[in-house]
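Novice: Protein chains in written order, with the UniProt record's numbering: chain A, 1 to 603; chain B, 1 to 603.
Honestly, the hints are just simulated from the structure, not real lab data.
In this text the structure is predicted, and so the values were computed from the model without any measurement.
Idealized CB from N, CA, C, for every residue including glycine.
Careful, some of the hints might be misleading.
[Claimed, not checked] Derived contacts from chain A toward chain B, CB cut-off under 7 Å, selection only:
{"hint": "1", "residue": "Q385"}
{"hint": "2", "residue": "A507"}
{"hint": "3", "residue": "D521"}
{"hint": "4", "residue": "F531"}
[As the list claims (entries may be wrong)] Sample of chain A residues with no beta-carbon within 12 Å of chain B, all distances over it, derived:
{"hint": "5", "residue": "I17"}
{"hint": "6", "residue": "R34"}
{"hint": "7", "residue": "P40"}
{"hint": "8", "residue": "T47"}
{"hint": "9", "residue": "P54"}
{"hint": "10", "residue": "T76"}
{"hint": "11", "residue": "I80"}
{"hint": "12", "residue": "T87"}
{"hint": "13", "residue": "K132"}
{"hint": "14", "residue": "P382"}
{"hint": "15", "residue": "D387"}
{"hint": "16", "residue": "L488"}
{"hint": "17", "residue": "P557"}
Number of protein chains: 2
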Amino acid sequence: MSAANPKVIDIKDRSGITTQPLPGSEKIYITGSRDDIRVPFRQISLTDTPNRDPNLPGEPNAPVMVYDTSGIYTDTTETIDLEKGLTPIRQQWIEERDDTEVLPAFSSNFTRDQDGLEFDIPLFTNRRLPRKAKPGKNVSQMHYARQGIITPEMEYIAIRESMGRAALQAKGELPADKPNHITPEFVRKEVAEGRAIIPANVNHPEAEPMIIGRNFLVKINANIGNSATTSSIEEEVEKMVWSTRWGGDTVMDLSTGKHIHQTREWIIRNSPVPIGTVPLYQALEKVNGIAEDLTWEVFRDTLIEQAEQGVSYFTIHAGIRLAHIPLTVNRTTGIVSRGGSIMAAWCLAHHEESFLYTHFEDICEIMKAYDVSFSLGDGLRPGSQADANDEAQFAELRTLGELTHIAWKHDVQVMIEGPGHVPMHKIKENMDLQLEVCHEAPFYTLGPLVTDIAPGYDHITSGIGAAMIGWFGTAMLCYVTPKEHLGLPNKDDVKVGIITYKIAAHAADLAKGHPGAHERDDAISKARFEFRWEDQFNLGLDPDTARAFHDETLPQPKAKVAHFCSMCGPKFCSMKISHDVKEAFAEKSEEFKAGGSKIYHQI
Amino acid sequence: MSAANPKVIDIKDRSGITTQPLPGSEKIYITGSRDDIRVPFRQISLTDTPNRDPNLPGEPNAPVMVYDTSGIYTDTTETIDLEKGLTPIRQQWIEERDDTEVLPAFSSNFTRDQDGLEFDIPLFTNRRLPRKAKPGKNVSQMHYARQGIITPEMEYIAIRESMGRAALQAKGELPADKPNHITPEFVRKEVAEGRAIIPANVNHPEAEPMIIGRNFLVKINANIGNSATTSSIEEEVEKMVWSTRWGGDTVMDLSTGKHIHQTREWIIRNSPVPIGTVPLYQALEKVNGIAEDLTWEVFRDTLIEQAEQGVSYFTIHAGIRLAHIPLTVNRTTGIVSRGGSIMAAWCLAHHEESFLYTHFEDICEIMKAYDVSFSLGDGLRPGSQADANDEAQFAELRTLGELTHIAWKHDVQVMIEGPGHVPMHKIKENMDLQLEVCHEAPFYTLGPLVTDIAPGYDHITSGIGAAMIGWFGTAMLCYVTPKEHLGLPNKDDVKVGIITYKIAAHAADLAKGHPGAHERDDAISKARFEFRWEDQFNLGLDPDTARAFHDETLPQPKAKVAHFCSMCGPKFCSMKISHDVKEAFAEKSEEFKAGGSKIYHQI
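Produce the entire structure from the sequences given, and follow the hints as far as they go.
Specialist: Listed below in structure tokens is the structure:
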């Protein structure tokens, strides 16, 4: 690593990092009970509703505030310096709790070994020493919640989830027509009871607090990460920024190629959202890809390595037991989870229960010392419609329920991963059984894909299942890109995957009746009906694409106020005619009523 | 029109028409009880499952047969001549019924007037004279069905819907493991009882018979048509061919620009699928776009004009009554159906019930003379989540139920159009109410879109709702393209819309347990698990895109047999490891069983 390395300069000038606000939008902050609880939102400015008489002023439309995952990358008042990393906004809160200490050195052997090596890639040099619970302490948000403590993270989340209503409520300024049940105390209670998790490693103080639970907004996760065949560090950092720009609530770094440790450092230090990983992937790299050579010691060191970097949740496939493996051999698609197949191979090679299962309480001890949450992996999820809801899948799910109880005994936060490929009529059974056997721990599903026959469009096959299972109660949806089953997604694929999953999550919020979820729909529909084209674009999930599609056939500036688009042309726009009808009705109904007609009330 | 017109040559050399079979596929035909019942299917050839020992032969995989809407355009043995039009495969059946006659001239004043004009566009010259029921005769498929007659169309459909099983059954050759309830008699009964329609105008004998009903495969419709701002005849013909190539079961020609009549002739004469229209659009063109100038006479002439060209179903917004209009004035998005807004404007201007409603039985007389089916339009469908399931929408739906009874009195086939924009939790109410008040007439829905906030992605917002409502019982799904709300779709948009809706329809077929629907899923999943990449591409809904996505990162020919893709790389492919696990299990389980171990059966 040297200053002359051109890749360092690439990172420094961040030419490849997307940093502008979304069109028509600016970052605003709502402050909580203390000045350092500053909750970000994206505020979308709207134009006036035009007056029918162009000489009269229009009627103003209030700006619309939306949940914002994009961090300071969309804040024009902030300076972005990837080499420095983001401001550790939670550091003060963590220090005030006085239950952690900064270690004199990294605890992982692997980390220390890596620090002695030379690399031909840029390294993140502004690293902090790791923080860990003081001996005997448990620093999980669940632990605090169960003590009755409302942490600043919880208050932050209450403001964020209630679109600022919790802050108004605390100040006694909440409008009567906008009630709010998402108080800091409600957040605490949901976490205490295990129905929600706050993934918030003490070593990722840069992350903006967020919550995953079915009584909150449905979240989405974007997977990034290189594989042996393609991709670079710069691309991965930009994929994280890009993912959060479009609405990714968490990002999983699933890298399996070279320099996993160094890439992750860059990502975490610059990420405003919690990062999840599957530690097994890196552990397997450490034993040269030979599953049977995996050991508890290698795995344990990997957990510590990643916990001290700041990973906030670990996918751990501890639910695969030796006895489950025979249930998979006659499946159409066997075991399709990478972690699942690796652990199954290990179990068979050693003819033992997996070290993830036998060392589960040891893992809990690590998790609670850094506040890493479990994402208990569904290693036996179905990889085809034919295998959906089979004995293998549900046997593992029951084991995950048992492990949830053990984790909770340690006050360690847990979510449960779910399928996979499931036809629509079998989706609800997944949700219902998960709630029952996993004691309402949050469900975190991949899709599910409702058919197998559309490679190239699996963001859609899975988006259908995701919307449905989100409505039924899934707390977080893991996105699927158009490249699923075919190759590693590029930036465009990541965006399409995210937008598809924002649609699924928002549709679920609407169907669940999440307070305020419909406000954005109402605003965009009003804009649409009033031909405020720019507002329609800006209120959408992807203003750039909406504008580009519109302009493909009508690029002229005046088309942005026209009362039609190229779909129907000027004479055939129903909404234009509908305005005329509305006006005519106002006139005619008076006229007809005066004439004694009752026809409008006949049916 | 002259031979020197270069546009005629454009059509003749059909350089812009897509005519190759899909990759790995060939057209096959299954013959019914008579030689001229030749039902087309696409047969996808598969490669062998490789043997673990590369010196031994692989295990063959039977070809997979799928429903095929693409007509002769994908049949390499056929000659395509757009100027001649397709072979009228139903003509003999229609003539044998001896209840129609060929008229000496077109009945519509408009058609006769047009025939006297000169045009600067190519005209379809190989036109037939129109056919119509003999006086007093009713030529609808429903009429035959109610007489107990199984038409060749019904037998054709039984073979098509049962993937050939009905033909085997008739010959006594049906395998015991593949039962079939979709017999010709079942088709007849469903049509007789109004639960299904066969859109089959006697003037479109070129169309391959198909059925729309909830006890059959879920169908999809693609909308094409020019508008005043863009598009040409050649593009519209190709859009029809393109739509059917990717799986459009019917095509609606929604043209509102110039030369609607002439464009439609080209489309119908070359279309293997039934064509639907909204006659009101053309009627409005005839009165220069002024809704209040519409008259029953203009509308009636338009119905006859289009019926004699061969349109198989008409969207008719007869359910909008004067009394419904006040219910729409306080809506967020008013009236968003073009036909609905036009008729509302007419009703208000005249302060009368619409001529569609008052002349409904006159319309029935026209429909039964050509066998045109009703698609009763939902002029008051909600255009936003806020307006979903409101009084206006359901009041109109009840009126459509009343009209269904009237049409059935005339043995005229009916389907009912449905919404629109509806959040997930309100979708089922739509389906249940439609079945109840419309007496199980087939439902034909546009989406519904489950959120309003994603312009540019409304194929997805609506695909979610479409899959769900298809599962609940909707018989045909009207596609939505990514350009919805923004502009006129181009060819790429049409394809994306179709594939999205094929996904929704197929997911619904799976969830409904349609016999055989899972066979394609099973075949593609087996191919995926066996790394038969080419088979995976070819079994998908869009082989071209799947292949292109795969090749983006791994274009080398050897990657097509590789046991990994760029997503996970060679060491991390779960399915590769899963094969090793399966093999290891086979070895080890014998070994362990011999040793007396019971561990595999412990849980």
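Novice: If a hint holds in the structure, say so; if it does not, say that too.
Specialist: How the hints compare with the structure:
1. Given hint, Q385 of chain A at the interface with chain B, holds; its Cβ is 5 Å from that chain's nearest Cβ, closer than 7 Å.
2. Proximity of A507 of chain A to chain B holds as hinted, the smallest CB-CB distance being about 4 Å (cut-off 7 Å).
3. For D521 of chain A, the interface hint holds, since its Cβ comes within 7 Å of a Cβ in chain B; the closest pair sits about 4 Å apart.
4. Interface hint status for F531 of chain A: violated, as the beta-carbon distance to the closest one in chain B is roughly 11 Å, over 7 Å.
5. A cut-off of 12 Å between C-beta atoms confirms that I17 of chain A is not in contact with chain B; the least separation is 23 Å.
6. At roughly 33 Å, the least C-beta separation between R34 of chain A and chain B is larger than 12 Å, which holds for a residue marked as non-interface.
7. No Cβ of chain B approaches the Cβ of P40 of chain A within 12 Å, the least distance being about 20 Å, so the stated non-interface status holds.
8. The beta carbon of T47 of chain A is kept farther than 12 Å from every beta carbon of chain B, the shortest such distance being approximately 16 Å.
9. At roughly 21 Å, the least C-beta separation between P54 of chain A and chain B is larger than 12 Å, which holds for a residue marked as non-interface.
10. With a cut of 12 Å on Cβ distances, T76 of chain A stays outside the contact zone with chain B, its closest approach being about 24 Å.
11. Taking the minimum C-beta to C-beta distance to chain B, about 28 Å, the non-interface status of I80 of chain A holds against the 12 Å cut.
12. At roughly 31 Å from the closest C-beta of chain B, the C-beta of T87 of chain A stays outside 12 Å, upholding its exclusion from the interface.
13. Interface exclusion of K132 of chain A from chain B stands, the closest Cβ pair being 30 Å apart, more than 12 Å.
14. The claim that P382 of chain A lies off the interface is violated: its Cβ sits roughly 10 Å from the closest Cβ of chain B, which falls inside the 12 Å cut-off.
15. Look at D387 of chain A: its CB is around 8 Å from the nearest CB on chain B, not clear of 12 Å, so calling it non-interface is violated.
16. Against the 12 Å criterion, L488 of chain A falls within the reach of chain B, whose nearest CB is about 4 Å from its own CB.
17. With a closest Cβ-Cβ approach of about 16 Å to chain B, P557 of chain A is found to remain outside the 12 Å limit, as its non-interface label requires.
The structure is inconsistent with the numbered hints 4, 14, 15 and 16, although it conforms to all the rest.
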